[in-house]
Amino acid sequence: MLLPNACLTRREVLKTASCGFGYLALASLCTERAAAEYQNPLAPKTPHFKARAKRIIFLSMRGGPSHVDTFDYKPKLAEDAGKAVTALSGQVQDRNRGRSLLPSPFEFKRSGQSGLPISELFPHVGQHADDLCLLNSMYTDVPNHPQSWLMLHTGEFRFTRPSMGAWLLYGLGTENQDLPGYITISPPADLGGAQNYGNGFLPASFQGTRIGQQGTAVAGASIGNITNADRSGEAQRRQIDFIQAMNQDLLQRKQVNPELEGVINSMELGFRMQHSLPQLLDISKESQATLDLYGIAKGRGAGAGNGKNANGGNASTDDFGRQCLLARRFCEAGVRFVEVSLGNWDTHGGLKSRLTSLCGQIDKPIGGLLTDLKQRGLLQDTLVLWGGEFGRTPTGQGTDGRDHNSAGFSMWLAGGGVKGGMRYGATDEHGSRAVENKLHHHDLHATLLHLMGLDHQKLSYRYGGRDYTLTDIHGRVAKEIMA
Amino acid sequence: MPPLPWLKKLPAVCALAVGLAVAYQDRDGVAAAEPDAKGIEFFENKIRPVLVNSCYECHSAKSSKVKGGLLLDTRDGVRNGGDTGPAIIPGDPDKSLLIQSLRHDKLQMPPKNKLPENVIADFVQWVKLGAPDPRDAAGNAAYKRLSLEEARSFWSFVPAKKPEAPKVQNASWPRGDIDRFVLARLEAKGLRPVADAERATLLRRVHFDLLGLPPTPEDVEAFLKDASPTAFEKVVDRLLQSPQFGERWGRHWLDVARYAESNGNADNTPFPHAWRYRDYVIASLNRDKPYDRFVTEQIAGDLLPTDNPTQRDELLIATGFLALTSKPRAQNNPDYKMDLIADQIDVTSRAVLGLSVMCARCHDHKFDPISTKEYYSLAGIFDSTTMLAGGGGKGGGNKGGDGGGLHALSDGGSAMGVRDGKAVDSAVCIRGESTKRGETVPRGFLAVATVGEAPAINRAQSGRLELARWLTSPQNPLTARVAVNRAWLHLFGQGLVRSVDNFGSLGEKPSHPELLDFLALRFVEEGWSVKKLIRGIVLSRTYQLSSSHDAANLKADPDNLLLWRMQPRRLDAESIRDAILSVSGRLDLKPPQGSSAATVPAKGAKGGNAPPKDSGQHRSVYLGVPRGAPLPESLAVFDVANPNLSVSQREVTTVPAQALFLLNSPFVMEQAKLTAQRLLAAPNLDDAGRVALAYRLAFARTATDAERTRALNYIAQMTQAGRDKNGAQNAWASFCQALFASAEFRYLE
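Protein chains in written order, with my numbering: chain R, 1 to 483; chain L, 1 to 749.
Since the hints were derived computationally from the structure, they do not count as laboratory data. Bear in mind that the values here come from a model prediction, so they are computed numbers and not experimental data. Here a beta-carbon is modelled for each residue, glycine too, at the ideal position from N, C-alpha and C. Errors might be hidden in some of the hints.
Here are the simulated BS3-like cross-link-like pairs (lysine-lysine), alpha carbons at most 30 Å apart as the crow flies [said to hold, decoys possible]: (1) L/K436 <-> L/K337; (2) L/K189 <-> L/K167; (3) L/K128 <-> R/K83; (4) R/K50 <-> L/K65; (5) R/K438 <-> L/K189; (6) L/K67 <-> L/K337; (7) L/K167 <-> R/K438; (8) R/K458 <-> R/K76; (9) R/K438 <-> L/K112; (10) R/K458 <-> L/K112; (11) L/K555 <-> L/K532.
Okay, the calculated bits of chain L under chain R, using three or more residues with CB under 8 Å as the criterion [unchecked claim]: (12) 289-300; (13) 497-504; (14) 571-585.
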């Protein structure tokens with residue numbers, strides 16, 4: 001616990017801070033140095049133990065995608081068509097009650113060397129079967145969108161808590177200081193809105209930066225205040241130089257002032273971000289092959305963020321393709337956590353046509369993303385997570401719909417130190433509830449943190465007299481899925 | 001506020017490490033009788049394997065769902081037991097619940113398959129032996145819980161005692177007792193306070209601290225000219241009488257009261273009447289309403305006697321404090337009513353007592369002597385209360401404690417609040433689950449914060465009136481201390497107790513315990529007057545110290561705990577925005593009617609993600625405060641309080657988004673342009689005079705020659721670069737914006 005070397009830099013001190021109690025000792029030994037240096041709260045920090053993944057891309061599917069039609073193959077469901085489910089889950093509301101089993105209208109195909117059964121809706125994703133770790137035993141508490149969407153993102157739905165991306169940023173910092181460390185693209189405005197990428201009681205520097213909004217094309221979306229319509233880059237540089245001259249004067253007068261150094265530093269970071277962020281949002285320099293890979297429509301080569309695009313092209317994969325490509329670009333540039341989003345999977349009716357459409361919008365982009373990450377050597381330390389807040393009932397709601405089901409559903413992971421070609425956990429024979437190696441949202445969080453090198457019980461923050469964690473008193477790390 | 005956000009984490013780590021040390025020491029003492037080797041061997045051979053194979057699935061830290069709150073994977077878990085009490089009584093198998101359960105007497109464990117008789121006999125033997133158990137429990141025993149007995153001598157639960165002001169060596173330095181307490185501690189450490197602040201610096205400081213606004217150039221001039229010894233006192237009295245005082249100090253309370261104008265979370269129903277509570281808080285501060293009365297009105301205003309309709313309205317509006325909850329969704333939530341009550345208990349205990357009581361909802365408080373029973377004795381008070389949060393909205397908001405209505409006011413308007421419902425006592429919810437009820441407990445208060453007799457509750461009413469009396473009793477050891485500590489925080493950037501909302505055993509000890517008691521007692525003696533409290537503090541020499549650096553002091557006390565200087569502080573979000581508007585001349589000090597957030601769109605509606613409109617003229621405290629939707633950017637970017645949470649101390653972050661806001665946002669660009677127009681329109685001024693005026697407006701000081709030259713050069717360059725007829729105005733706007741973006745503008749010295 002006590003480190004022998006008394007005089008470390010602030011960076012080292014803070015690295016230690018996230019590891020345990022050494023910080024206390026160090027802080028007292030080095031307070032003078034510590035008080036005199038500016039510490040950027042987003043500076044990279046060392047994880048608790050060796051990380052398997054350095055960053056996360058979360059492909060979040062709002063509305064509760066049906067697992068029995070996508071990633072949880074249930075042959076018995078077809079056999080027992082029309083029957084009632086064998087056992088109810090005992091959840092707050094088991095919506096299988098009084099309804100009969102509805103077979104999936106879609107075929108499942110054995111994919112890859114591993115032969116993972118994946119719905120015909122995902123031909124492109126299926127090609128990556130050997131990289132997928134299907135989590136077939138997910139469950140959560142409430143079969144209701146707002147609660148479960150918040151639970152998925154923050155580990156709590158009754159009270160405001162930091163989102164998982166904020167926790168990751170708090171625990172690990174970020175690698176590229178010219179960019180936000182946590183970006184969410186096209187999130188839904190409802191279901192808790194900004195709370196889902198908020199910092200809760202953590203410092204505001206850990207909150208997610210939103211680009212675009214669900215329901216609006218991501219092409220053309222950007223973040224606030226990133227450009228200045230009135231001043232040229234040169235005029236602004238002169239202005240900043242003038243500001244920094246004033247700040248340096250003040251620093252001279254004050255002699256020691258870490259806050260001032262922080263202000264000076266952040267002014268330069270902001271200036272650089274004005275260049276780096278629009279550049280990353282501009283996908284026009286990507287090759288046609290790459291755009292095709294993600295299903296980004298032809299004739300729309302100009303990218304999101306430069307305001308010059310949106311001139312035609314309506315391929316159904318275009319918007320989500322752009323989101324995925326942006327996610328890859330951000331990850332490559334060192335962003336810690338990127339969430340992209342698509343809705344609405346709430347298929348109470350029109351199951352067949354809506355699933356065909358929704359999966360059609362994401363299959364090629366996700367396949368493209370996995371291919372691209374792999375080609376670039378990024379998949380090995382980028383964790384890709386797919387899924388929604390819950391799943392759907394194996395019983396039918398009418399003849400072409402399924403109701404909410406929080407007792408059992410599927411998500412999947414790829415890359416970042418997880419085993420590929422694996423089905424982890426299982427629902428019962430029909431897919432109505434998780435029965436084997438059950439994974440609650442809390443367990444997912446614990447597992448994600450673990451893959452990122454963080455102990456979910458140790459990554460804590462004191463608020464109002466109590467140490468809080470993302471997983472509260474819950475959380476089980478699914479060690480079996482680690483490669 | 002602390003200089004950097006990470007510094008605030010130090011105490012957390014500190015407490016944890018210290019707590020660990022204490023726990024280990026304690027256990028070494030308690031566990032002196034080491035279990036003998038034979039006992040351990042018996043446990044390892046006969047007991048542990050059975051626990052692992054037959055019990056851990058549901059009763060270990062690794063269980064996916066721990067059943068009955070019982071953990072059998074540590075010694076402490078076995079001895080402390082679960083929801084139904086300790087699992088074993090060492091030495092007494094027949095009274096041990098674990099044995100009874102194994103025998104399938106009361107409970108039946110394991111549930112389906114009774115263990116073989118010889119295994120049960122082993123357990124009986126083990127318990128007879130005293131249940132030797134070598135398993136470590138470091139994870140569960142990091143902190144030591146304060147017992148009620150220990151709490152009787154714990155600093156914050158002991159009634160404040162009038163301290164003698166200490167003798168100091170440098171007798172000419174102190175201006176009063178506050179200074180004596182501070183200086184005595186500095187002298188004891190061999191430190192000396194730095195010099196007094198320069199007068200212009202002091203004026204800027206006190207203007208922002210009391211009003212959240214910069215002094216005008218005329219204010220500065222008048223103060224610098226006034227050579228009388230009471231010059232500063234006169235300024236302070238003027239500021240305390242200003243209507244802007246309540247706007248500033250009211251906002252501090254609104255942070256604590258988690259004030260917002262929609263319910264957030266799932267449905268985000270707007271609170272179109274919440275602004276009345278905001279205005280009530282501001283008016284109360286301006287009228288210097290005694291703090292005990294202020295608290296009483298918010299807890300039980302509806303139960304107070306009154307004979308005129310205006311006062312009646314005021315008292316009803318006050319109870320909005322208990323209704324501004326970020327309420328959870330009722331649908332599919334059996335705990336809905338208890339969730340609402342938890343919010344009411346949380347905000348009340350945190351705001352007034354500086355205690356976090358909510359832990360006790362599910363289990364006895366781990367660190368402070370607050371039991372689950374006591375929690376439900378408080379819960380009964382709120383269970384007997386109907387919340388009037390308006391609407392109800394979709395999602396079944398009208399269930400449980402949310403009456404869905406509003407108070408009707410005499411002017412025809414409406415207000416959120418509470419009123420008494422059916423008087424009931426609450427039953428304990430086992431592990432916080434409303435569907436699992438335990439014993440019913442009579443309504444009452446927390447023993448740990450009760451000195452003498454607690455008021456007897458009128459059983460026919462909710463008990464809120466008595467709760468308010470209990471909270472505001474001069475005997476209450478916490479209320480006055482917590483209040484004066486909050487005032488100190490807002491004037492010095494850190495409290496005398498740094499953990500401003502935790503005065504419990506995990507909180508920090510006061511840096512100046514006697515000073516805290518002195519202030520608390522004087523506060524009560526002076527009729528709980530917040531204005532007198534603030535006046536007393538800002539007239540101290542300690543408050544008027546310079547913020548200058550001193551190498552020796554910094555080395556000895558880098559966190560300035562002993563107050564050898566004034567801590568430099570960043571302005572809060574509201575002050576930054578208001579100062580910009582003030583400099584541009586656009587600030588309209590007249591309060592607006594109602595709120596721009598009164599019609600915040602519900603979630604998912606078009607425009608639901610747009611922050612409330614900022615007209616760019618009123619003070620920041622009047623900007624809409626929605627939950628779940630973005631807050632006004634000018635505030636959000638500078639760490640405004642998250643309205644979902646009770647916030648005692650705001651974070652201070654320094655991030656590039658702030659630079660981008662200052663450099664590029666339409667708001668700042670517009671205000672810079674307006675400031676430029678103001679400077680250019682000023683009569684009888686040359687460019688040098690304009691620069692001088694700009695410095696006085698922005699920094700409340702005179703520009704040095706070097707600064708003036710640099711500014712004039714910059715403006716000339718930019719004018720030339722502009723090359724159009726607006727070149728000069730643009731150049732001046734660029735200069736004004738640079739002032740806004742400078743560090744000096746947003747820091748207080």
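Going down the list of hints, with the structure as the test:
Under the criterion of a C-alpha separation no larger than 30 Å, the hint pairing L/K436 with L/K337 is consistent with the structure, at around 14 Å. With a C-alpha separation of about 15 Å, the suggested pair L/K189 and L/K167 falls inside the 30 Å cut-off, and the hint holds. Pair hint L/K128 plus R/K83 does not hold up; C-alpha atoms about 55 Å apart against a cutoff of 30 Å. Proximity of R/K50 to L/K65 is assessed by CA-CA distance (about 28 Å); at most 30 Å being required, the pair is judged to hold.
With a CA separation close to 59 Å, the supplied pair R/K438 and L/K189 exceeds the 30 Å bound. For a cut-off of 30 Å, the pair hint linking L/K67 to L/K337 stands: about 24 Å separates their Cα positions. Distance restraint check for L/K167 and R/K438: the Cα-Cα separation of roughly 67 Å exceeds the 30 Å cut-off, and the hinted pair is therefore not satisfied. Between R/K458 and R/K76, the direct Cα distance comes to roughly 42 Å. Violation of the 30 Å bound is thereby established for this hinted pair.
For the proposed pair R/K438 and L/K112, the alpha carbon gap of about 21 Å is at most 30 Å, so the pair holds. With a CA separation close to 36 Å, the supplied pair R/K458 and L/K112 exceeds the 30 Å bound. Note on L/K555 and L/K532: the hinted pairing is violated, with a Cα-Cα distance of about 35 Å set against a maximum of 30 Å. Judged by the Cβ-Cβ criterion of 8 Å, the stretch 289-300 of chain L is not covered by chain R as claimed, because only 0 of its residues qualify and three are needed.
With a cut-off of 8 Å between beta carbons, the stretch 497-504 of chain L has 4 residues touching chain R; three or more are needed, and the interface restraint holds. Counting residues of the stretch 571-585 of chain L whose beta carbon lies closer than 8 Å to any beta carbon of chain R gives 0, which falls short of the minimum of three for the stated coverage.
Violated hints for the displayed structure, listed by number in ascending order: 3, 5, 7, 8, 10, 11, 12, 14.
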